[in-house]
Structures are given as C-alpha cells and as structure tokens.
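Please build the complex by placing chain B on the supplied structure of chain A, with the hints as guidance.
Chains as they are written, first to last, in the numbering used here: chain A, 1 to 112; chain B, 113 to 227.
Mixed in with the good hints, there may be bad ones.
Said to hold, decoys possible - Listed next, the in silico SDA-like pairs over lysine to any residue satisfying Cα-Cα at most 20 Å (straight line):
| id | chain 1 | residue 1 | chain 2 | residue 2 |
| --- | --- | --- | --- | --- |
| 1 | B | K121 | A | Q42 |
| 2 | B | K121 | A | S41 |
| 3 | A | K52 | B | S214 |
| 4 | B | K121 | B | T198 |
| 5 | B | K121 | A | R45 |
| 6 | B | K121 | B | P151 |
| 7 | B | K169 | B | L134 |
Unchecked claim - If the Cβ cut is set under 7 Å, some of the chain B residues that face chain A in the computed set are:
| id | residue |
| --- | --- |
| 8 | G154 |
| 9 | L155 |
| 10 | F202 |
| 11 | P215 |
| 12 | F218 |
| 13 | G219 |
| 14 | N220 |
| 15 | G221 |
If you are wondering where the hints come from, they were derived from the structure by calculation, not from laboratory data. The beta-carbon is built from N, C-alpha and C at its ideal position, and this holds for glycine as well.
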Amino acid sequence: LAKTTQPISMDSYEGQEVNITCSHNNIATNDYITWYQQFPSQGPRFIIQGYKTKVTNEVASLFIPADRKSSTLSLPRVSLSDTAVYYCLVGDTMDSSYKLIFGSGTRLLVRP
Amino acid sequence: NAGVTQTPKFRVLKTGQSMTLLCAQDMNHEYMYWYRQDPGMGLRLIHYSVGEGTTAKGEVPDGYNVSRLKKQNFLLGLESAAPSQTSVYFCASSYNHPPGNSPLHFGNGTRLTVT
Numbered sequence: 001l002a003k004t005t006q007p008i009s010m011d012s013y014e015g016q017e018v019n020i021t022c023s024h025n026n027i028a029t030n031d032y033i034t035w036y037q038q039f040p041s042q043g044p045r046f047i048i049q050g051y052k053t054k055v056t057n058e059v060a061s062l063f064i065p066a067d068r069k070s071s072t073l074s075l076p077r078v079s080l081s082d083t084a085v086y087y088c089l090v091g092d093t094m095d096s097s098y099k100l101i102f103g104s105g106t107r108l109l110v111r112p
Numbered sequence: 113n114a115g116v117t118q119t120p121k122f123r124v125l126k127t128g129q130s131m132t133l134l135c136a137q138d139m140n141h142e143y144m145y146w147y148r149q150d151p152g153m154g155l156r157l158i159h160y161s162v163g164e165g166t167t168a169k170g171e172v173p174d175g176y177n178v179s180r181l182k183k184q185n186f187l188l189g190l191e192s193a194a195p196s197q198t199s200v201y202f203c204a205s206s207y208n209h210p211p212g213n214s215p216l217h218f219g220n221g222t223r224l225t226v227t
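In isolation and in its complexed conformation, chain A is listed as follows:
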C-alpha cells in the first residue's frame, strides 16, 4: 500500500522559515495535495491545497515540482503557536478502492 513519507520531527526557532517535505510517488493524475495542521486534543485543520507549481495563502506556501512526486509546505516566520503536527494528504493509486492515506505526520516544535 503506497504511503506518503514525511520527516518525523523538526525543530525551529521563532521567526525562522520552516519547510516540510512530503514524498508521494504514486500520486494520481487528478489528485490534489493537501496539508493539515493538528494541535493536541483537536482534529486536523486544513492549511493549504495545490495541484502543481506554487500556491500561497495567508498562512503558508506550497511548492510542487513538475513531476508532482513530492511537495513542500513552507511556513514563513514561525511563532510558538505553530508548534503542531503537520500532515500531507493525497489519494492512493495503488489501491483501486481509492483509500485516502495521510502521511505519518511531522511534529514541528518552535522554540523561543
């Protein structure tokens, strides 16, 4: 069963830019790439979504290369409140029943 792959954890300091990469080798042609943020005792929350090249919103940017086999979530000038787990989500083309697979998640710790 194909999966996405992310770093398990990352550390950063307030004010720095943080880039989290997700690998998704079996992404389907029509699939979008979506990133979610999760705080303790809460459900995941949508951050950003894209199909190709670059997408930017008020909280993050998403970079997707031409082959779409990976994506990078970029958080500019992080603050302590950005400490959370970040997940990327794509469809799974290895299984005909089209099961949605979350990545293992990246635990981001922002230090003062």
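Same frame as chain A, now just chain B:
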C-alpha cells in the same frame, strides 16, 4: 456554525461491550469519514461514505461497522470492543471526494478506552 460534531467526547468500555459513536455535520456535505489515531501511527481511515445510504471500507475496517441513514449523520459502531480499539476517533466530512479541491473538515474527536 457547528461544523462537525462528535459525541461522546470520552468513553470507557469493558472488553466485549458495544457502543456507537455519532458524527453530525451541518454543512450539507456528501462525503463523511471515520479515522482512528494512535500514537506514532498518524490517522488511519476506518470507513467512509460517499452519500446517504452508502458506506465503504477504508484502511482498517475490521471490528467496526458504520451506517449513513441520514446525510448529516455517520455512525461508527463497535459490536464487541477489544483493547486494540483503544484510540482517538475522528470524524470528517467534505463537499466532494478529497483531495480534489475539497478539504476535509474534522470534528474534535472521541477518546475511547477499552479495558
């Protein structure tokens, strides 16, 4: 604007007992999902529904049943709870089938302990 509401928030069961987790959404979404989250495992899809009256198996469906009798509700049942089903359960909904430009909206979870 409630979004996705899960009940109960916490529950403790003994092995072999049954229970039903309720998920309700007020966004008129077609698609609904049940995930479980265990330490170090991320989110795993249990079952999902693409519309009222339909259900389908996800990644880890064994030991669970679901029903979608009304569009706004998605029920997750455990007929005979086992300690391996101790987990945090999240319900989600979406307007269309994600990730195709249709983000998931999650509830805040139900923490289930089976002793």
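Evaluation of the provided hints:
1. B:K121 / A:Q42: 11 Å, holds
2. B:K121 / A:S41: 10 Å, holds
3. A:K52 / B:S214: 16 Å, holds
4. B:K121 / B:T198: 14 Å, holds
5. B:K121 / A:R45: 18 Å, holds
6. B:K121 / B:P151: Roughly 18 Å separates the two Cα atoms, so the pair holds.
7. B:K169 / B:L134: 18 Å, holds
8. G154: Hint holds; G154 (chain B) Cβ to chain A Cβ min 5 Å, cut 7 Å.
9. L155: 4 Å, holds
10. F202: 5 Å, holds
11. P215: 4 Å, holds
12. F218: Holds, because the Cβ-Cβ distance from F218 (chain B) to chain A comes to roughly 3 Å (cut-off 7 Å).
13. G219: Since the shortest Cβ distance to chain A is 5 Å, the answer is holds.
14. N220: 5 Å, holds
15. G221: 6 Å, holds
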